[in-house]
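In order, the protein sequence lines correspond to chains A and B. For the first sequence, position 14 matches number 13 in numbering that gives the first Met the number 0, and the numbering has no gaps at all. For the second sequence, position 164 matches number 163 in numbering that gives the first Met the number 0, and the numbering has no gaps at all.
Worth flagging that the hints you see were computed from the coordinates, not collected in a lab. Please note that the accuracy of each hint is not assured.
Pairs count within a copy or across copies, as identical chains cannot be separated in the list.
[Said to hold, decoys possible] As a list, the in silico DMTMM-like pairs of lysine to aspartate or glutamate whose alpha-carbon atoms are at most 25 Å apart:
no.: 1; residue 1: LYS136; residue 2: ASP106
no.: 2; residue 1: LYS136; residue 2: ASP24
no.: 3; residue 1: LYS115; residue 2: ASP43
no.: 4; residue 1: LYS115; residue 2: GLU72
no.: 5; residue 1: LYS136; residue 2: GLU2
no.: 6; residue 1: LYS115; residue 2: GLU2
Protein chains: 2
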Amino acid sequence: MKEIRALLFDVFGTVVDWRTSLIQDFSQWGAPRFPNADWPGLIDAWRAAYIPSMNRVRHGGRRWANLDTLHRESLTDLAPNFGLPTLADPDLTHLVQGWHRLNPWPDSVPGLTRLKRRFIIAPLSNGNLSLLLNMAKHAALPWDTIFAADLFHHYKPDAETYLGAASLLNLPPHQILMTAAHNADLQAAHALGLRTAFIPRPTEYGPNQTRDLTRENTCDFVAQDIEHLAAQLSAK
Amino acid sequence: MKEIRALLFDVFGTVVDWRTSLIQDFSQWGAPRFPNADWPGLIDAWRAAYIPSMNRVRHGGRRWANLDTLHRESLTDLAPNFGLPTLADPDLTHLVQGWHRLNPWPDSVPGLTRLKRRFIIAPLSNGNLSLLLNMAKHAALPWDTIFAADLFHHYKPDAETYLGAASLLNLPPHQILMTAAHNADLQAAHALGLRTAFIPRPTEYGPNQTRDLTRENTCDFVAQDIEHLAAQLSAK
Chain A
0 MKEIRALLFD VFGTVVDWRT SLIQDFSQWG APRFPNADWP GLIDAWRAAY
50 IPSMNRVRHG GRRWANLDTL HRESLTDLAP NFGLPTLADP DLTHLVQGWH
100 RLNPWPDSVP GLTRLKRRFI IAPLSNGNLS LLLNMAKHAA LPWDTIFAAD
150 LFHHYKPDAE TYLGAASLLN LPPHQILMTA AHNADLQAAH ALGLRTAFIP
200 RPTEYGPNQT RDLTRENTCD FVAQDIEHLA AQLSAK
Chain B
0 MKEIRALLFD VFGTVVDWRT SLIQDFSQWG APRFPNADWP GLIDAWRAAY
50 IPSMNRVRHG GRRWANLDTL HRESLTDLAP NFGLPTLADP DLTHLVQGWH
100 RLNPWPDSVP GLTRLKRRFI IAPLSNGNLS LLLNMAKHAA LPWDTIFAAD
150 LFHHYKPDAE TYLGAASLLN LPPHQILMTA AHNADLQAAH ALGLRTAFIP
200 RPTEYGPNQT RDLTRENTCD FVAQDIEHLA AQLSAK
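Next comes chain A alone, as it looks inside the complex (with noise of 0.2 Å):
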């Protein structure tokens, strides 16, 4: 493994805990105003409306539209049926935006500071720029660059993800260690000849997660969280 010069990071759910993140936040947030919404409800709704959405983009012909975009006309749809009135646009925005406000896992800040010493260390996320670019600042993830899906106009598990971050880093993917908590993203990286490890967050999707709960595909490393993946690449 001598050889691995770069580390990518999937993103949501990965390094940060975007569903216990966005229950507190819109919880706190909204008490005074929308004492009915069903917060959980919708976060979970919403979750379940991001690969549809984005597989519209993939496969359905419609042109390019990033994360934040998909994210409002998503929130839009599901708002009334979880205790929402129609909301006006601040409020929509300040919805949308909770995505770029998410908290880390408590070891992702610690590990990817150890990794950085000894790697490039970047997202690798269908966020757009702006959103990762926000959520480094408010979760003080100290990434060297960011690769966001609005670079390469394509969303994961689309090729041209990993292999533009590939070629604007000049490496070749074998040089490339793609990490997340997730199968699917893993199995296409892994595809293309990146690198790959698996960590499990086994209550990314609340307490009834059942899915990727373990690595279902061959990886290089699988570790218990990014702390974990940090000590067996010898980052100090």
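Take the given structure of chain A and dock chain B to it, following the hints.
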């Protein structure tokens, strides 16, 4: 100026001292094998080839080629004029990658560190992303993300670079401050609605520099160096 959210920096000359860095690097590396080389002469001629080589991409209908590629071509042409033999591939690579190993001016890292606490900070450079990333690791430049010409397949002063960064940042141009030691860069940014800051680097081109000694356009800020700019922007 309260509305400024992001600071973009020209890099070669503004943040790093390419001339002194390359003279030191190449003189030391080349002494045993290339005692007749005129390194300052080669480096000055190489830098003089920089804008014409980009202009062939900008105006000459040449397909996109990144700065590493342009640097390599210029070096191959120029080396025989400065006491060097025909260079083997590893030697060409070492010299081209000298541009990845440039040292910062003394104020750059402390100034950027202060500015990062209050603003988004990123290069907007004609360098390729891998060059800027390697340079950031080498010189400890604390960028939040990297805007490189190969994200846009355009070189400054093409509008696509400034407006491409603004689009990815999801900010209107007037919330972005472009900082450079070069009047032409700031003139282009100003014409597109960005704020501008001029920082003179009177020895960038050596002791006999005649260009870019003072600002030639309207600028929102003129600062002695990046720490002085941080002071003007009240970044602690």
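Checked hints:
1. LYS136 to ASP106: both (17 Å within a copy, 23 Å between copies)
2. LYS136 to ASP24: Only inside one copy: LYS136 and ASP24 sit 17 Å apart there, 35 Å across copies, limit 25 Å.
3. LYS115 to ASP43: neither (33 Å within a copy, 34 Å between copies)
4. LYS115 to GLU72: neither (36 Å within a copy, 33 Å between copies)
5. LYS136 to GLU2: This pair counts as between: shortest inter-copy Cα distance 17 Å, intra-copy 30 Å.
6. LYS115 to GLU2: within (16 Å within a copy, 32 Å between copies)
Comparing the model with each numbered hint stated earlier shows that hints 3, 4 do not hold.
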